[in-house]
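**Student:** The primary structure of each chain is shown beneath.
Protein chains: 2
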Amino acid sequence: MGKYIFGVDVGGTSVKMGLFDMAGMVIDKWEIPTRTENGGELILPDIADSINQKITKEQYLKEDIIGLGMAVPGPVNAAGVVNKAVNLGWGVTPVKETMERLCGIPAVVGNDANVAALGEMWKGGGQGYDSLILVTLGTGIGGGVIVDGRLVTGVNGAGGEIGHMHVVDGEEEACNCGCKGCLEQYGSATGIVRLAKRYFGKSDRPSPLRNADITAKAVFDAVAGGDEAAKEIAGEFGEILGKGLAMIASVLNPAAFVVGGGVSKAGEVLFDYIRPSFEKYVFPGAKDAKLVLATLGNDAGIYGAAKLVLDME
Amino acid sequence: MGKYIFGVDVGGTSVKMGLFDMAGMVIDKWEIPTRTENGGELILPDIADSINQKITKEQYLKEDIIGLGMAVPGPVNAAGVVNKAVNLGWGVTPVKETMERLCGIPAVVGNDANVAALGEMWKGGGQGYDSLILVTLGTGIGGGVIVDGRLVTGVNGAGGEIGHMHVVDGEEEACNCGCKGCLEQYGSATGIVRLAKRYFGKSDRPSPLRNADITAKAVFDAVAGGDEAAKEIAGEFGEILGKGLAMIASVLNPAAFVVGGGVSKAGEVLFDYIRPSFEKYVFPGAKDAKLVLATLGNDAGIYGAAKLVLDME
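Chains S and L, in that order, give the protein sequences.
The first sequence begins at 53 in the working numbering and counts up one residue at a time.
The second sequence begins at 53 in the working numbering and counts up one residue at a time.
It is worth saying that the hints were derived from the structure and are not from the lab.
One thing to keep in mind: the hints can contain errors.
Same chains, same label: a pair holds when it works inside one copy or across any pair of copies.
[Claimed, not checked] Below, computed lysine-lysine pairings styled on BS3-like, alpha-carbon distance capped at 25 Å:
1. K332 x K232
2. K232 x K339
3. K232 x K81
4. K232 x K342
5. K332 x K136
Use the sequences and the hints to build the structure in full.
**Tutor:** So this is what it looks like as structure tokens:
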């Protein structure tokens, strides 16, 4: 009988769960709803029930389970305590300790954006690179930094907050974090929509996007269709995002940037817009960094959570 | 009889050398000139002679020497090969292999700015922090990044090139690296002089600095003397440098920035100018990073080189 790992990714609406073998193959994959009522007090017991049921159903012995990895949407300290996770309703929550008590197996906990980076390095677009930055272009911009195979969590669990790097001076609107000019104000799905609206407020250029319900997907669809206005908007997006990645590369000299999230569904065309700016701004010695697409989609978290377990010492 | 370590810092005009015990106490410290003629071919043999003479004079046994750490001004790969060091006249140079052959003791090699960070963490201003950035404000800006006690060298040895982060849009003069708007164009000693000259070109404010031979030291001396023009120049310096450090903190969430180099001789007053900008631009979760002064001065390299030896596995 083999050995097994659980990888769990806790999101604001559902919890993704995976059962893995030691080689990282998915044996089973399922979801349960995230019950955020009452300060999210049911979330961990729900997850534990689901895991314990799976163990019983598969007739596994507890000693066959190497451990349980958890990805959570908030800062996590080295003891596996989450310091507030707004989307889950949590205040300070001792996730590792609670899960070990409820499941009777070793648990390890990481921030979801960081853990996703580990997943992409292990089984996704980042395979073959041991120093990489995962750049998740969704509603906001998430980041995960891996150096020499290890996650950079930061001293307060705020490592990898690349969406909140300052990249534009003189911005008047504030980011969700309270600062002005953060990368995610321009490079996220929301940011692209903002750039598009600004563009159409200033330019008279005709475009099917004008007066339409603008989304990041609509912009890149219009780019693919040859729309000049969309290309200019994508150009501004690429200029700013490429500059942000260049700043990171000048500090860390990574092997690759792995780009995921909803915006990345536009595909390789993104890099046509990001790369010229990246090369313009980066320190020449760090210019070789590859730009690659993430491949695991929403499963990056469960893969990374399983890898967290394998990396436990 | 104890065990000993050599720590060597190879500079463009002199080689600093230190003999350390295992606790990191300096037993002896000396310098030899750097002979850069003929592509710097004499540099490594000169160092080896000096070390071998020291071993003979002290009547050490080779097995009492744990190893030899070397800090060199250029990018270094994992095999201890330096890929060009302009100040030494070197092209690709196998430093580790050469020194092991010439001295008969294990050698380990690092980039000088990175190694200095290790020294400051071990015995200098960064003691007590295991995730820190050394920011060396000299003629240029050097950097060394340490995460969880380990140096971030980067995949091409270009890790920590924080002086070449892009921080200002619209700059017209080029940096030495070829890019425009790099941190070292504003935050280094040379950068401060540039800012001062620009200031006096635009402002009529009277100041003892006007028409004088401006240096970074003169600017901060004038700040200490209450000169308003100097304070404005220092304000611009602090605004840009604080912004650059904030960008780094948003990505890495370090415990501290350790500020060294000639400009740091101005002392804590630097932080009065850097901190407000840092706090304005940084991701809130990473705001706690300490700003501290480096304390080892020119000895940071030999300390860090000795620490490289202790960190060998």
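**Student:** Between the shortest in-copy and the shortest cross-copy C-alpha distance, which are at most 25 Å for K332 and K232: within, between, both, or neither?
**Tutor:** both (24 Å within a copy, 9 Å between copies)
**Student:** Regarding K232 and K339, is the shortest C-alpha distance of 25 Å or less found within a copy, between copies, in both, or in neither?
**Tutor:** Classified as between: cross-chain Cα gap 15 Å, same-chain 28 Å, threshold 25 Å.
**Student:** Given a CA cutoff of 25 Å, do K332 and K136 count as a within-copy pair, a between-copy pair, both, or neither?
**Tutor:** Classified as between: cross-chain Cα gap 23 Å, same-chain 39 Å, threshold 25 Å.
**Student:** Please work out whether the CA atoms of K232 and K342 approach to 25 Å or closer within one copy, between two copies, in both situations, or in neither?
**Tutor:** Cα proximity of K232 and K342: across copies only (23 Å, versus 29 Å in one copy).
**Student:** If the cut is 25 Å between Cα atoms, do K232 and K81 qualify within a copy, between copies, both or neither?
**Tutor:** neither (40 Å within a copy, 49 Å between copies)
Consistency with the previously given hints fails for number 3 only.
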